[in-house]
Amino acid sequence: MIDWTAIFSNAAQELISPTTAAYALAALGLAIHFGYTGLLNFGQAGFMALGAYGYAISILTFGFPVWAAVLVGVGASIVFALILGIPTLRLRADYLAIVTIAAAEILRLTFTTNTFASVTGSASGLQGYKTGFAELNPIPPGTYGFGPFTYNAYDWWIRIVGWSLVVIFAIVTWLIMRSPWGRVIKGIREDEDAVRALGKNVYSYKMQSLILGGVFGTLAGMIFILPRSVVPANYQTSLTFFIYAILLLGGAATILGPVIGSMIFWVLLSFFSGFVARAVAAGWLPFMTQVQAGQLRFILVGVAIMLIVIFRPQGIFGNKKELAFVK
Amino acid sequence: MEPTQSVAHRTRGRWLILLGILVSALTLSGIAASPAVADEASTESSEQEEFEYFFTGNVTFEDEPIEGVRISVEGGGFEAETETDADGKWRIGVPEKTEYEVTLDEDTLPEGVVVEEGQSTITAEFGLTSIKAVNFFLGEGQRVTTDFGAQVLIRFINGLNFGLLLALAAIGLSLIFGTTGLSNFAHAEMVTFGALMTLTFGVDLALPIWLAILIAIVLSAALGWTLDATIWKPLRKRGVGLIPLMIVSIGLSLAVRYVYQFLYGGSTRQLPGATIPSDIRLGPVTMSWIDVASMITSVVVLGAVAYFLLRTRIGKATRAVSDNASLAAASGIDVDRVIRIVWVMGAALAGLSGILWAYFRPGVSWDMGFQILLLIFAAVTLGGLGTAFGALVGAVVVGLFVEMSTLWLPSDMKYVGALIVLILVLLFRPQGILGRRERIG
Chain Y
1 MIDWTAIFSN AAQELISPTT AAYALAALGL AIHFGYTGLL NFGQAGFMAL GAYGYAISIL
61 TFGFPVWAAV LVGVGASIVF ALILGIPTLR LRADYLAIVT IAAAEILRLT FTTNTFASVT
121 GSASGLQGYK TGFAELNPIP PGTYGFGPFT YNAYDWWIRI VGWSLVVIFA IVTWLIMRSP
181 WGRVIKGIRE DEDAVRALGK NVYSYKMQSL ILGGVFGTLA GMIFILPRSV VPANYQTSLT
241 FFIYAILLLG GAATILGPVI GSMIFWVLLS FFSGFVARAV AAGWLPFMTQ VQAGQLRFIL
301 VGVAIMLIVI FRPQGIFGNK KELAFVK
Chain A
1001 MEPTQSVAHR TRGRWLILLG ILVSALTLSG IAASPAVADE ASTESSEQEE FEYFFTGNVT
1061 FEDEPIEGVR ISVEGGGFEA ETETDADGKW RIGVPEKTEY EVTLDEDTLP EGVVVEEGQS
1121 TITAEFGLTS IKAVNFFLGE GQRVTTDFGA QVLIRFINGL NFGLLLALAA IGLSLIFGTT
1181 GLSNFAHAEM VTFGALMTLT FGVDLALPIW LAILIAIVLS AALGWTLDAT IWKPLRKRGV
1241 GLIPLMIVSI GLSLAVRYVY QFLYGGSTRQ LPGATIPSDI RLGPVTMSWI DVASMITSVV
1301 VLGAVAYFLL RTRIGKATRA VSDNASLAAA SGIDVDRVIR IVWVMGAALA GLSGILWAYF
1361 RPGVSWDMGF QILLLIFAAV TLGGLGTAFG ALVGAVVVGL FVEMSTLWLP SDMKYVGALI
1421 VLILVLLFRP QGILGRRERI G
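Line by line, the protein sequences give chains Y and A. Residue 190 in this note's numbering sits at position 190 of the first sequence, with consecutive numbering throughout. Each number in this note's numbering comes from the position in the second sequence (counting from 1) with 1000 added on.
Chain Y with its partners taken away, still in its complex shape:
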């Protein structure tokens, strides 16, 4: 009746999919912001959009090589972080939340408007930027892999690059959080005034953290667009909320949390969506249409966010002593 093999193999594919890698990296950036520094950044979707558009526009409009396009995206997100941080990092945490969410929406609306359609592609978005990246692929053409994990050379190349970046930046995060810089950052989360009393420039540290996590988000935005095209509708605030769900699920102030959290999140979501869609098709849930089945995942994520925050605020890997929200 229901094709269980397809459900399980689709779910298993999410384990190493580039989307999972992109969400993991974006969540890692958010872990630096929220988990370690205590900054409420609700504009991670904006950083990802900058990565995606910075990369695609550099290549399509200006004809930059891949490395330069990556730098443009990263540069844009540094400027974005400075613009966000200067007015808000001196203020209370919820101001940053409102400003970041507003700024991410400003970016999305600017990318969506028809005014700049010749550069941004308006609501239809951009595509055709993948050649440069595909040419760097050292894997000879062909199909590799086993079972559900059988992909062609380009698909493997995206996965290898995506997950290598995740591993590299997870190690970088682990190292810097053990360093004196990381201890100051965690100190700011626990008690900003105490850190200020020690003579540290809290404002500057927060800004550095905002930039670093934002750059992670930008690189995640670039991984995100490699298997698909750039569409502005992907960068709505619900993208940020999904990343928050991953971060809270794994544990906000952990390294493994965002990475494993992303894998668990996508495998479960794929399993759930696959099951419900097929159950509806098989007539098991007569009160639901296929379209409604697709909306269930958002309801599920919303409820999951609430339950995790209320009942297990430290997430799967977190330590209750290292809660990101003390206040």
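Calculated directly from the structure, the hints in this document are not laboratory data. Check before you lean on any hint, since a few could be wrong.
Said to hold, decoys possible - Between beta-carbon pairs, the in silico distance windows are: (1) A:Trp-1408 to Y:Gly-283: 50 to 56 angstroms; (2) Y:Leu-285 to A:Arg-1238: 30 to 36 angstroms; (3) A:Leu-1434 to Y:Ala-233: 34 to 40 angstroms; (4) Y:Phe-149 to A:Glu-1052: 26 to 32 angstroms; (5) Y:Arg-178 to A:Leu-1427: 33 to 39 angstroms; (6) A:Glu-1125 to Y:Arg-178: 26 to 32 angstroms; (7) A:Lys-1237 to Y:Pro-227: 42 to 48 angstroms; (8) Y:Asp-191 to A:Leu-1424: 29 to 35 angstroms; (9) Y:Ile-168 to A:Glu-1052: 47 to 53 angstroms; (10) Y:Ser-204 to A:Pro-1272: 25 to 31 angstroms; (11) Y:Leu-285 to A:Gly-1283: 42 to 48 angstroms; (12) A:Glu-1125 to Y:Val-119: 52 to 58 angstroms.
A quick note: this is a predicted structure, and the numbers were derived from the prediction, not measured. Glycine residues also receive a C-beta, built at the ideal position from the N, C-alpha and C atoms.
On the provided structure of chain Y, position chain A as indicated by the hints.
Here is chain A on its own, set in the frame of chain Y:
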């Protein structure tokens, strides 16, 4: 003091160097881009578009194509616009197969050509195919052209109307923030709730519209009561911090919004009377009686809220809790009761605001509240977080700004201006227009 300062300077120096390297790398990369690469990339960018569904059309007058006519499509939370090409043809891709409103901007037609009366906006839906032709019937005639001054006046009235309905929602949000400290992201769903309930009772159950609106407001108030009783009060009793509470409200907002979509579908539906003609003329401004009724309702209700806060015992208690909850509790005010009243009132105001928003847009859809959530937050922040009258002033400023900005900005960018103003205000006056400095601490 001395050594720590030098450490701070050194880190900042290092940081600046890093920035410098990046900036120079960026400029270099601009030079390094070779023309060969550029050619390749431009051939690569094909004309393919992302969307499956298209509206197309042909704007001609007496068999002559008209170029540069602006056509816009709106519906299902999606907006796009385009201009006709040299052959008078246009084409807009849309993401979903639902109902859309296709509008021809009469101002972009040449002199002496008009769209037939009432035909400049066409509601179109896809049939079995993924391409739908929408054609406008043009005729000879003289448009009543409005000069810039009249435009400003029209936008001003519209903005005032929009600002007042925003104020209804913003005051509730601000009172909830003031008394509980919660930045309630689920406020948008309370706005949508009012409109959806009016739709259910006024259209699906075909009750008279005044009764449907009344029921919707009562149900909104009941929703506020229920939310506080089942979620927020227990969480306050558990001693959950403000930031986790805010994240809970985000989860709630996401879940409830998609429950609405699950139950009501993704389409936009109209309340009775939402599309009646504008037949009240005040100089250059034409309004429908719905617009007038909407503004009068907002002003009366806002006046009542002001009276409640300033003159009644419970209103004074509300302001006291807002100022300092512990002190209010110590002076014998039942803080939990005040908070419950604030939730009920805030939800009822949000519901009313949603009904007015449904007439202003016009249309009821599952995410209509979420579309103005950031504007409500902008209003509250502009006025000063937690001050009820600040929210009123902030909302009117935001409403006016959004509408007036369409004089210069393309209409799909009108929210951008308001959000940029929000950031600028935080830069120069973070406590907001009416806020006090110590609140931002």
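Here is how each hint holds up against the structure:
| no. | hint | verdict |
| --- | --- | --- |
| 1 | A:Trp-1408 to Y:Gly-283: 50 to 56 angstroms | 55 angstroms, holds |
| 2 | Y:Leu-285 to A:Arg-1238: 30 to 36 angstroms | 35 angstroms, holds |
| 3 | A:Leu-1434 to Y:Ala-233: 34 to 40 angstroms | 37 angstroms, holds |
| 4 | Y:Phe-149 to A:Glu-1052: 26 to 32 angstroms | 30 angstroms, holds |
| 5 | Y:Arg-178 to A:Leu-1427: 33 to 39 angstroms | 35 angstroms, holds |
| 6 | A:Glu-1125 to Y:Arg-178: 26 to 32 angstroms | 59 angstroms, violated |
| 7 | A:Lys-1237 to Y:Pro-227: 42 to 48 angstroms | 47 angstroms, holds |
| 8 | Y:Asp-191 to A:Leu-1424: 29 to 35 angstroms | 31 angstroms, holds |
| 9 | Y:Ile-168 to A:Glu-1052: 47 to 53 angstroms | 38 angstroms, violated |
| 10 | Y:Ser-204 to A:Pro-1272: 25 to 31 angstroms | 58 angstroms, violated |
| 11 | Y:Leu-285 to A:Gly-1283: 42 to 48 angstroms | 58 angstroms, violated |
| 12 | A:Glu-1125 to Y:Val-119: 52 to 58 angstroms | 32 angstroms, violated |
Checked against the numbered hints above, the structure violates hints 6, 9, 10, 11 and 12; every other hint is satisfied.
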